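S.K.: One-letter residues, chain by chain:
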Amino acid sequence: MKNRVQTIFLVMCILVMAAGVVYADLKKGYYSPAELGSVRQAAPIKLLPDSNYQAPAYPVAAVDLAPGDGRQDVQIYCNTCHSPGYITMQPPLSSATWEAEVNKMNKTFGAGIPEENTQKIILYLQARYTAETRKQ
Amino acid sequence: MNATERCLSRRGLLKILGVASSGIAVRRWLGPDVTMAQAPAPGNAIESFTGPGANLHWNSVGPYVTEPQKVPLLLLTDRPVQLETPRHYFRTAFTPNEAFYVRWHLEGIPNSVDLRNWKLQIEGNVNKPLALNLPELMHKFKPVSLAAVNQCSGNSRSRLQPRVPGAQWGNGAMGNAMWTGVRLRELLDMAGVKSGSLLVQFQGLETGQGPEGLGSNLFLKSLGLGNPVLDECIVAYLMNGEPLPMLNGFPVRLVVPGYFATYWTKCLTWIRVLNAPDENFWMKTGYRVPDTPLGNTTPEDVKAGKVKTVPIERLPVRSFFISPDGSSKIPAGMNVMLRGIAFTGFGRVIRVEVSDDGGKSWMAAKLGEDHGAYSFRTWEASWTAMSPGRYSLAVRATDEKSNTQPDEPIWNPGGYLWNRIERQEIVVGNAS
Chain A
1 MKNRVQTIFL VMCILVMAAG VVYADLKKGY YSPAELGSVR QAAPIKLLPD
51 SNYQAPAYPV AAVDLAPGDG RQDVQIYCNT CHSPGYITMQ PPLSSATWEA
101 EVNKMNKTFG AGIPEENTQK IILYLQARYT AETRKQ
Chain B
1 MNATERCLSR RGLLKILGVA SSGIAVRRWL GPDVTMAQAP APGNAIESFT
51 GPGANLHWNS VGPYVTEPQK VPLLLLTDRP VQLETPRHYF RTAFTPNEAF
101 YVRWHLEGIP NSVDLRNWKL QIEGNVNKPL ALNLPELMHK FKPVSLAAVN
151 QCSGNSRSRL QPRVPGAQWG NGAMGNAMWT GVRLRELLDM AGVKSGSLLV
201 QFQGLETGQG PEGLGSNLFL KSLGLGNPVL DECIVAYLMN GEPLPMLNGF
251 PVRLVVPGYF ATYWTKCLTW IRVLNAPDEN FWMKTGYRVP DTPLGNTTPE
301 DVKAGKVKTV PIERLPVRSF FISPDGSSKI PAGMNVMLRG IAFTGFGRVI
351 RVEVSDDGGK SWMAAKLGED HGAYSFRTWE ASWTAMSPGR YSLAVRATDE
401 KSNTQPDEPI WNPGGYLWNR IERQEIVVGN AS
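Keeping their order, the protein sequence lines are chains A and B.
Quick note on the numbering used here: the first sequence kicks off at 1 and runs consecutively.
Quick note on the numbering used here: the second sequence kicks off at 1 and runs consecutively.
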């Protein structure tokens, strides 16, 4: 019995070592399909030797606003002065902070969002972008 | 031999060796979704937002984007444009123009400037209003050059706890350039500031969609006429010896050495002498910090209305680790060079120290070339970890006014003035 256990142990050791040799050889050439961003290179722009100095249009980024009631109001009203990326960039903020932010847009910055839409926007942000509600 | 053949031959070998039980080897062939226990981790993308905890990454977490006249930078927002400079561009004392961070307030950013029509106006409470075109600025005045750090007031805002709304910058909302242009003082003297004047106000070409008279329509900043910084200001038409990128303020930008970037008006076009206080949003309400040591306060004190604020001004002393950046292990016993930058808005950086025990003991780093009091100063320190483990490196700078960096967090509602001691975790592995 004891001999048999020893033999099995020895065979196992050899197998593990053999696997180790193979494994050592395998430690190269791994590739992953993980989705890392790729950025296209900008094409050179045509410059003329005149007095006008131009930059091509600033590219707009796709912003993935969370689905939900009020999303369209955000897209219409907030988007007048800034892209919705201003929302998705924020860390999760409290309901009170979101309310204060939207009110600041109206009162301090004169956004002029109708009262009904203002309330919808506040509720949307509170329902999607607080620590408790933010998913994406 | 192509990859498939290689796989097959290895599979054959495994079969021969009879190591079917060896999951390590076999699982590799099962497909990309199966990870071996010891396989290299897949290169996953970073999270798309951080919070409610602090952002623990050196930079902000946005994707790379390519904007006009720029290399790929980290996106905060696309309209108006806000881009952060990735960490590795700070290996040198001067930040390349094409990698220099971008921060606009209003969405009406110029796409073109016609120099046939463009003129810098010096107006308001002056004896002789001036309108100078670029050739006049370049040739009528003696050009002066100065290295100066431009840092956004909200740089590192994503470190604050609790988090505050605003652009969620990591550490890359800063850059250093050699600025060349005309002394602001010469322009003011030529126009003749009338007695009784209080401020100089600066306005660029940037405009917003908001109603006239509000902060959403114009971005206006001003400095007191008695402020000695006016004597150091430059109206710069060169940045590192090149024209400014449009996104950094072509054709001229105000340089306010030692001051936060909020005063460095881009596409500067109006210099206006005022004889009354500047009541506009960007001075009266925005960019204000608590009138306390380090600009520190608490959410409770803000709520209780106890916090008196003043306009933000000079850059508190800061220092950064740039390399190594913690993305690779260092073998024990290997002597490596720690490198970084330091700066201050209060005179020169006179000392940079590093710690490898989390801030208990400090050793002096060697300072790099001195490009002037307002420039980035590079530093380096040779370091050897003799035993494997996780090391928490820390760096702190001291300026000639004896200001040094706190090891406590900063908090104020605007998310300004962060200058806490930076840390870098380094993993040291066995060397044999």
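Rather than coming from a laboratory, the hints here were simulated on the basis of the structure.
A hint or two may mislead.
In the BS3-like style, the derived pairs of lysine-lysine whose C-alpha atoms are separated by at most 25 Å in a straight line are [what the hints assert, rightly or not]: (1) B:K308 with A:K28; (2) B:K360 with B:K303; (3) A:K46 with A:K28; (4) B:K329 with B:K303; (5) A:K27 with A:K46; (6) B:K308 with A:K107; (7) B:K329 with B:K366; (8) B:K306 with B:K329; (9) A:K104 with B:K194; (10) B:K194 with B:K128; (11) B:K128 with B:K142; (12) B:K306 with A:K107; (13) B:K306 with A:K104; (14) B:K308 with B:K329; (15) B:K329 with A:K27; (16) B:K306 with B:K194; (17) B:K303 with A:K107; (18) B:K140 with A:K107; (19) B:K284 with A:K104; (20) A:K104 with B:K142.
Keep in mind the model is a prediction, meaning the values are calculated, not measured.
S.K.: Now look at each hint and say whether the structure bears it out.
M.R.: We went through each hint and held it up to the structure:
no., hint, result
1, B:K308 with A:K28, "violated, 61 Å"
2, B:K360 with B:K303, "violated, 36 Å"
3, A:K46 with A:K28, "violated, 45 Å"
4, B:K329 with B:K303, "violated, 46 Å"
5, A:K27 with A:K46, "violated, 48 Å"
6, B:K308 with A:K107, "holds, 22 Å"
7, B:K329 with B:K366, "holds, 24 Å"
8, B:K306 with B:K329, "violated, 48 Å"
9, A:K104 with B:K194, "violated, 37 Å"
10, B:K194 with B:K128, "holds, 10 Å"
11, B:K128 with B:K142, "holds, 21 Å"
12, B:K306 with A:K107, "holds, 23 Å"
13, B:K306 with A:K104, "holds, 21 Å"
14, B:K308 with B:K329, "violated, 47 Å"
15, B:K329 with A:K27, "holds, 17 Å"
16, B:K306 with B:K194, "violated, 38 Å"
17, B:K303 with A:K107, "holds, 19 Å"
18, B:K140 with A:K107, "violated, 46 Å"
19, B:K284 with A:K104, "holds, 15 Å"
20, A:K104 with B:K142, "violated, 45 Å"
The structure shown violates the earlier hints numbered 1, 2, 3, 4, 5, 8, 9, 14, 16, 18 and 20.
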